[in-house]
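Undergrad: The residues making up each chain are set out below.
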Amino acid sequence: MKILHTADWQIGRQYSRFDSEDGAQLAAERYRVVERIAQLAQDRQVDAVLVSGDVFDSQTLKNLSIRRLFNSLSGYTGPWILLPGNHDAALAESIWTQARRLNAVPLNVHLALEPEIIPFVEAGFVVLTAPLTQRHTFADLTAWFDTAETPADLVRIGLAHGSVQGVLADDVDSPNPIAANRVQTARLDYLALGDWHGLKSIDPRTWYSGTPEQDRFKDNDAGHVLEVEIAGTGVEPIVTPHRLGRFRWQTRQTVLSVASDLDQLAQDLALLGEDDVLDLQVSGYADLAGRHRLLQLADATAAQVRAMSVDIASLNVLPTDADVVALNADGYLAEVITDLRERQAGGEDAVAREALTILAGLLMDRQPQAPEGAPSP
Amino acid sequence: MKLTRLRIEQIRQFRTPLEIDSFAPGLNIFSGPNESGKSTIVRAIRAAFFERFKTQKVLDLLPWGDSAATPHIELDFEIGGVRHELNKSFLKSARCDLRKGAQHLTGEEAEHYLGQLLGFEFAAKGESKEQHWGIPGLLWIEQGSGQEIHQAVTFATDHLRSALQEELGAITSSSGDEILDAVQRWRAELLTATGKPRGPLADSLRQRDDLAEVIRDLDVQIATYRQQVDQLSAWQQEHARDERDRPWERLDQQRTDAAAKRAQLAEQERSLMADRQRLVDVEAQQAFVEERLAEIERSRQDLARRAVAQTEAEAVLTSARAQAQQLVTRQTELAAVVHSARTTHELARQIADQQRLTDQIKEVTTRQSLLAEQVATAERLHQEQAQRRAQAQALTIAAADLDGLRVCQQSLRENVIRQEAGATRLEFDLQAGVAVDFDGRTFMGATPHLLVRPAELNLPDVGRIRIAPGGADLSRLTQEAAALTEDMQRLLHRMDVASLEAAEQRHLAFQRLQQDLQEGTHALDRVAPKGLDALKIAHEEERVHLTELQAALQRITVPTTDGTTAALDEAKRVLDQALSDQAELRDQAEEAMRHRAVAQARWEAAQQECANVRSLLDDPAEQQRVQSAHRRLIEARAEVSVLCPRILAQQTALDEARPDVLDQDIERFRLSAMQVRQQYDERKKWIHQCQGQLQAAGAQGLEEHRDTQIIAHEAAVRRFDELERRANALDLLLQLLEAKRSALTLRLQAPLQRHLDHYLQLLFPGATLVIEDDLSPGLLARSNGRVHDSAPYDTLSFGAREQIGLISRLAYADLLKEAGRPTLIILDDVLVHSDPVRLAQMKRVLFDAAKRHQILLFTCRPADWVDMGVAVRPLDQFRRSV
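Chains G and Z supply the protein sequences, listed in that same order.
Yeah, the first sequence ends on 376 if you go by numbering that gives the first Met the number 0, and it's all consecutive.
Yeah, the second sequence ends on 881 if you go by numbering that gives the first Met the number 0, and it's all consecutive.
The reader is advised that the hints may include incorrect statements.
Residues from chain Z that face chain G, not an exhaustive set, calculated with beta carbons under 10 Å [said to hold, decoys possible]:
| # | residue |
| --- | --- |
| 1 | Val182 |
| 2 | Leu411 |
| 3 | Ala738 |
Here are some chain Z residues the structure puts well away from chain G; computed CB gaps all over 10 Å [to be verified]:
| # | residue |
| --- | --- |
| 4 | Ser21 |
| 5 | Ser174 |
| 6 | Arg197 |
| 7 | Arg225 |
| 8 | Asp229 |
| 9 | Arg249 |
| 10 | Arg405 |
| 11 | Gln409 |
| 12 | Ala481 |
| 13 | Glu539 |
| 14 | Thr546 |
| 15 | His704 |
| 16 | Asp706 |
| 17 | Ile710 |
| 18 | Arg725 |
| 19 | Asp863 |
Once the Cα atoms are required to be at most 35 Å apart in a straight line, the calculated DSBU-like pairs of lysine-lysine come out as [stated by the list, open to error]:
| # | chain 1 | residue 1 | chain 2 | residue 2 |
| --- | --- | --- | --- | --- |
| 20 | G | Lys1 | G | Lys199 |
| 21 | Z | Lys128 | Z | Lys99 |
| 22 | Z | Lys683 | G | Lys61 |
| 23 | Z | Lys91 | Z | Lys128 |
| 24 | Z | Lys816 | Z | Lys842 |
| 25 | G | Lys61 | Z | Lys684 |
Because the hints were derived from the structure by calculation, they are not lab data.
Here the structure is a predicted model, which means the values were calculated and not measured.
Quick reminder that beta carbons are idealized off the backbone N, C-alpha and C, glycines included.
Turn these sequences into a full structure, and let the hints steer you where they fit.
TA: Right, dumping it as structure tokens:
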């Protein structure tokens with residue numbers, strides 16, 4: 000038997016830190032990755048696609064978003080099992096009831112809104128589901144797997160959403176606990192988990208597939224789905240990750256101290272392309288020319304990558320004496336520049352930094368020989 | 000700069016040359032009356048420097064009426080120890096030569112050099128104007144313009160600034176003010192003057208807050224939505240539980256059980272109720288019988304009481320009868336007394352009437368005879384009066400006629416007298432027997448005749464003699480006499496008398512008769528005041544009265560009496576007393592009768608009642624009923640003693656079973672079942688409603704919408720933060736720029752301030768004068784004892800402005816001098832508006848300045864300047880003859 004294991008699609012998620020156009024692209028890509036999953040499932044001729052929770056990012060999405068998601072599944076005509084997670088728990092009224100009301104759920108898509116045993120007798124396996132029916136639970140919803148009786152010749156696959164106790168770091172999404180030895184106690188051949196957005200194997204039979212399309216700046220190998228093949232009961236599964244994610248979320252934290260640091264950064268950024276989402280954080284010190292170059296570099300990179308957020312607020316601008324001379328700042332203007340430099344050096348004075356930048360900009364504008372494209376204030 | 004020689008020729012009034020070659024290095028005072036050429040000299044010096052030699056716009060330099068002249072100026076001066084000689088000619092043979100040490104400059108080159116040296120410019124075209132004069136414009140004061148300083152300073156500011164900078168070695172900013180302007184402008188786009196957000200900053204702030212509000216609102220909606228979902232879930236669970244358990248059925252069963260138990264109790268209650276009813280009946284019967292027996296006992300007692308009452312009533316009746324009898328007897332006696340008194344009284348009354356009538360008749364008879372006499376007298380008098388009236392009627396003459404007659408008689412007499420007086424007197428003395436007819440008369444013998452009218456005397460045979468009296472009015476008198484006679488005759492006729500005397504007599508007789516009439520009337524009035532008829536009526540009335548009285552007397556027939564008739568009053572008193580006693584006795588008798596009747600009735604009633612009671616008690620049937628009643632009483636008492644304990648036992652059993660609580664249980668179970676059922680139904684409805692609401696809310700995509708708003712909000716926050724940072728930065732920048740610039744300005748102006756203060760202390764000790772940005776004098780603050788006064792330069796008096804203007808110029812000169820610039824001060828008739836005290840102080844100022852600068856002072860009041868330590872030189876002495 001062969002299945003695809005995926006999770007945490009987070010349909011409907013929006014991205015606040017980017018330009019809204021870029022954010023929309025990132026959101027749209029989440030539907031496309033689902034389409035790619037369907038395509039992969041079709042290509043690999045799997046017996047089912049199991050989604051371990053958090054299909055939707057929230058309970059109340061626009062009807063349009065709900066319909067689009069189910070439309071994206073059309074590439075695979077085999078069975079889909081969608082499990083509610085903490086973001087889309089199967090509450091009395093939920094996104095699932097809304098989807099059903101809309102008649103948006105195709106016949107080959109099974110919504111696992113209650114704990115149940117779903118048999119795939121021909122393929123030779125059963126799926127035991129542990130859906131979240133509350134936003135947060137503190138009980139282990141997979142506990143019932145231990146006592147669930149299934150035909151002995153069928154492979155037992157658990158489907159759940161939560162954090163495996165004592166394994167994951169503290170920053171998991173929810174407190175919904177799952178016992179670390181559930182595979183053993185429930186005699187499962189495979190436990191397909193969701194909630195952790197990175198790809199992670201707890202043990203050979205217990206896996207987090209991670210989100211298929213990365214959605215945060217965290218380098219934990221997100222962007223995969225898992226192809227799981229199990230020859231028979233008791234046989235260790237063969238798990239093959241397929242990278243389907245398009246965007247790579249990258250963080251660049253650079254402290255500028257000498258001029259060549261900037262060269263280094265430039266080389267690094269030059270490697271990025273249109274599938275990269277960048278978080279650029281620059282601190283340290285730069286003279287006027289350095290700052291100018293940094294801004295140019297940021298502009299160029301923004302055009303090059305899919306989306307970018309820049310933080311240079313903590314970069315100190317220190318005009319050199321040569322800068323001051325070049326700016327032709329004589330008389331009391333020179334005194335003002337000196338004063339601002341001192342203020343900036345005296346502490347994290349963002350206002351003084353901004354003031355200095357404005358003043359430098361004004362002076363540069365007055366220089367006939369100022370470099371083209373000088374930063375406008 | 001030191002001027003050493005000046006020569007001018009063919010300029011205005013100086014057709015012949017004027018040359019001054021003895022300029023002192025310090026103060027030089029030149030005097031001359033008005034129009035002696037002081038201003039011409041100043042104009043010439045200005046022309047030598049400011050005007051281009053080639054210009055044609057200097058015609059004012061020409062001597063009057065000599066357009067062919069060539070104005071020529073020579074100036075020798077020293078700058079920095081180098082001797083300069085300037086020769087400048089205008090118009091006809093225009094040229095400019097400047098020797099500077101060994102150097103020789105000509106034409107425009109020379110002019111340019113001078114401009115740079117002294118700090119002025121040339122007009123691009125035509126005449127040199129104020130704005131070109133630069134430093135000399137400031138230091139060379141034209142007549143009457145000493146107080147106008149702002150303009151001159153403005154045109155020299157650049158030169159002064161550069162002098163200040165050279166002195167300081169400080170650098171102002173070349174583009175500082177432009178930057179400052181830009182910063183100010185940019186700040187103003189984001190902040191108001193007081194630092195409040197405006198423009199894009201305000202917009203972004205509003206947007207940020209608006210979005211935050213929207214998000215808060217959405218959060219509330221989402222929270223509500225979630226809460227509703229939880230509620231729905233709870234309801235659904237409860238609903239499922241009710242569906243399964245059907246709790247109302249259990250409650251219904253409980254109610255049915257309680258009802259069955261209650262039915263049993265009801266049966267017991269009915270039995271108890273019957274016993275209670277029986278007890279009530281028996282007790283009622285017992286009470287009735289007891290009452291009946293008591294009644295019989297009361298009747299027996301009553302009979303005894305009534306027998307006593309009957310005896311008493313009988314005694315009362317006997318007493319009443321005796322009293323009544325006694326009163327009847329007394330009444331009969333009193334009736335006889337009354338009859339006797341009444342007879343006596345009647346007799347007395349008749350006698351009294353008879354006496355009274357007799358007296359009245361006597362009186363009336365007397366009165367009637369008196370009246371008869373009066374009537375007779377009155378009738379006689381009346382007769383007499385009638386006669387007199389008839390006589391008087393015959394004698395009546397109109398009084399007017401009598402008076403008229405008297406007047407006529409008198410007038411006639413007078414007329415005769417006057418006729419005689421005027422008539423012609425004729426004396427006839429005729430022989431006897433001869434008769435002459437004359438004047439209607441026949442005269443004989445000796446007869447006088449008065450002729451009053453012409454008359455003819457017939458003398459037979461002789462003829463006639465006509466005689467006419469001479470008096471003119473004789474004829475008139477005659478006429479009058481005739482008229483009077485006629486009147487008199489008429490009156491006499493009317494009165495029916497012969498003459499006046501007869502009339503007078505008749506009138507006298509009439510008057511006497513009148514008197515008699517009057518007396519008669521008085522007499523009649525005395526006899527019959529109300530007239531004769533009234534008197535007659537009174538007499539008649541008395542006669543009738545008398546007749547009546549006599550008739551009444553006739554009617555009274557007095558019986559014969561024993562002669563001892565009592566007086567009427569005594570008879571009346573006796574009768575009244577008898578009547579009164581009779582009435583009193585009658586009342587007593589009536590009362591006694593009533594009393595007797597009542598006593599009779601009471602006695603009869605008591606006798607009857609007594610008989611009734613006795614017959615009732617003695618009835619054998621009644622005896623039987625009494626016995627029966629006693630028997631029934633005993634039976635009832637026995638039944639009560641059985642019923643009471645039985646009822647008590649039953650009641651106790653029922654109280655222990657608490658049927659009221661059972662009733663409450665039944666009601667409780669019924670309500671509970673209904674309640675549970677209702678709750679179930681309502682919950683079903685709520686679930687339906689809630690699902691509907693949630694579907695609607697879910698379809699809005701609240702959370703997705705919120706995420707969108709959060710993105711917008713974060714963008715707004717970023718934009719606001721950026722703008723705010725920029726605004727703060729601009730604010731800081733502006734503060735810094737202004738502070739630095741202002742500090743620099745102060746530093747730059749310090750030397751000028753020093754020079755200015757030096758002079759100011761000589762003029763106004765303790766005062767301060769502010770230097771404006773353009774270096775012109777500003778606010779002057781003075782302290783006079785305790786009074787502090789400060790005023791802007793422009794508001795000072797003319798004299799003060801001139802003084803402050805002058806010391807400012809001297810301060811500029813000091814500044815320029817220290818910067819190594821040439822200074823020459825020319826004062827044309829200055830300080831003419833200063834009072835002696837101020838002038839004295841200004842002289843000290845000028846004297847001090849002259850130690851550092853060459854000063855040319857022109858005045859038309861030489862006496863004012865004799866105390867300056869230098870000679871006041873009249874201009875005349877410098878004129879040269881050709």
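Undergrad: Minimum Cβ separation between Z:Glu539 and chain G greater than 10 Å?
TA: Given that every Cβ of chain G is farther than 10 Å from that of Z:Glu539, nearest at about 146 Å, it holds.
Undergrad: Is Z:His704 truly not at the interface, in the sense that its beta carbon sits beyond 10 Å from all beta carbons of chain G?
TA: violated (8 Å)
Undergrad: Against chain G, does Z:Thr546 hold up as non-interface, every C-beta pair farther apart than 10 Å?
TA: holds (148 Å)
Undergrad: Does Z:Lys842 lie within 35 Å of Z:Lys816 when you go C-alpha to C-alpha?
TA: holds (21 Å)
Undergrad: Quick check for students: does the CB of Z:Asp863 sit more than 10 Å from each CB in chain G?
TA: holds (47 Å)
Undergrad: Checking a non-interface call: every C-beta of chain G should be farther than 10 Å from the C-beta of Z:Arg249. Is that right?
TA: holds (28 Å)
Undergrad: Would you check whether the claim that Z:Asp229 is not at the interface survives, using Cβ distances to chain G and the 10 Å cut-off?
TA: violated (8 Å)
Undergrad: Going straight from one Cα to the other, do G:Lys61 and Z:Lys684 come out at no more than 35 Å?
TA: holds (27 Å)
Undergrad: Far enough from chain G: is every CB of that chain over 10 Å from the CB of Z:Asp706?
TA: violated (4 Å)
Undergrad: Going straight from one Cα to the other, do Z:Lys683 and G:Lys61 come out at no more than 35 Å?
TA: Cα-Cα ~28 Å, so holds.
Undergrad: According to the definition I'm using, a residue is off the interface if its beta carbon is farther than 10 Å from all beta carbons of the partner; does Z:Ala481 meet that for chain G?
TA: holds (163 Å)
Undergrad: Under the criterion of a CB-CB separation shorter than 10 Å, is Z:Ala738 in contact with chain G as hinted?
TA: holds (9 Å)
Hint compliance for this structure: hints 2, 5, 7, 8, 15, 16, 17, 18 are broken, all remaining hints hold.
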